[in-house]
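Engineer: full-length UniProt numbering applies: residue 1 is where the sequence shown begins, and numbers increase by one.
Warning: the hint list may mix true and false statements.
Pairwise CB distance ranges (calculated) [said to hold, decoys possible]:
#1 A20 / G58: 25 to 31 Å
#2 F35 / Y64: 15 to 21 Å
#3 Q24 / R53: 15 to 21 Å
#4 E2 / E87: 30 to 36 Å
#5 T72 / P45: 15 to 21 Å
#6 L89 / T26: 26 to 32 Å
#7 E59 / I8: 17 to 23 Å
#8 E2 / R73: 19 to 25 Å
#9 M1 / E87: 22 to 28 Å
#10 T72 / M1: 30 to 36 Å
These are computed hints drawn from the structure, not numbers from a lab.
C-beta atoms are modelled at their ideal positions from N, C-alpha and C, and glycine is treated no differently.
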Amino acid sequence: MEIDAIKIKQEDNVATALRALNKQDTAKYRDGEGFSETLILEDIPYGHKFATRDIASGEDIVKYGEVIGRATRDIKTGSHTHVQNLESLRARGDLGKARD
1 MEIDAIKIKQ EDNVATALRA LNKQDTAKYR DGEGFSETLI LEDIPYGHKF ATRDIASGED
61 IVKYGEVIGR ATRDIKTGSH THVQNLESLR ARGDLGKARD
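Work out the full structure: start from the sequences and follow the hints.
Structural biologist: Here is the structure:
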């Protein structure tokens with residue numbers, strides 16, 4: 001089966017597009033125990049992320065098994081997950097050691 005995105009770890013809540021995905025496409029990707037599909041709700045540029053499940057505002061964004069940021073608003077399954085709804089936790093001096 002040809003895949004459209006990469007989701008490395010079972011705990012990931014986003015996948016990375018291996019090609020530009022259009023609104024209403026069904027993205028296919030490996031998901032730990034087999035293959036999963038997600039209906040894409042908006043255009044996703046190549047290399048960008050989309051949510052593989054609903055993500056609540058304030059919830060960690062997990063990619064490749066690592067926390068890469070936090071949702072700044074609710075993100076629906078299939079939505080583009082990028083700077084408009086994701087806050088990076090990298091180099092945030094105001095967070096101190098609380099996240100370690």
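Engineer: Confirm or reject each hint.
Structural biologist: Here is how each hint holds up against the structure:
1. A20 / G58: 25 to 31 Å: At roughly 30 Å between Cβ atoms, G58 and A20 fall inside 25 to 31 Å, so the hint holds.
2. F35 / Y64: 15 to 21 Å: holds, 18 Å
3. Q24 / R53: 15 to 21 Å: Check passed, 19 Å falls within 15 to 21 Å.
4. E2 / E87: 30 to 36 Å: Given a distance of about 33 Å, which is inside 30 to 36 Å, the answer is holds.
5. T72 / P45: 15 to 21 Å: holds, 19 Å
6. L89 / T26: 26 to 32 Å: The hinted range 26 to 32 Å holds for L89 and T26, with Cβ atoms some 31 Å apart.
7. E59 / I8: 17 to 23 Å: For I8 against E59, whose Cβ atoms are near 19 Å apart, the range 17 to 23 Å holds.
8. E2 / R73: 19 to 25 Å: violated, 32 Å
9. M1 / E87: 22 to 28 Å: At roughly 34 Å between Cβ atoms, E87 and M1 fall outside 22 to 28 Å, so the hint is violated.
10. T72 / M1: 30 to 36 Å: About 34 Å separates the Cβ atoms of T72 and M1, which means 30 to 36 Å holds.
Hints 8 and 9 from the list above are not met by this structure, while the remaining hints are.
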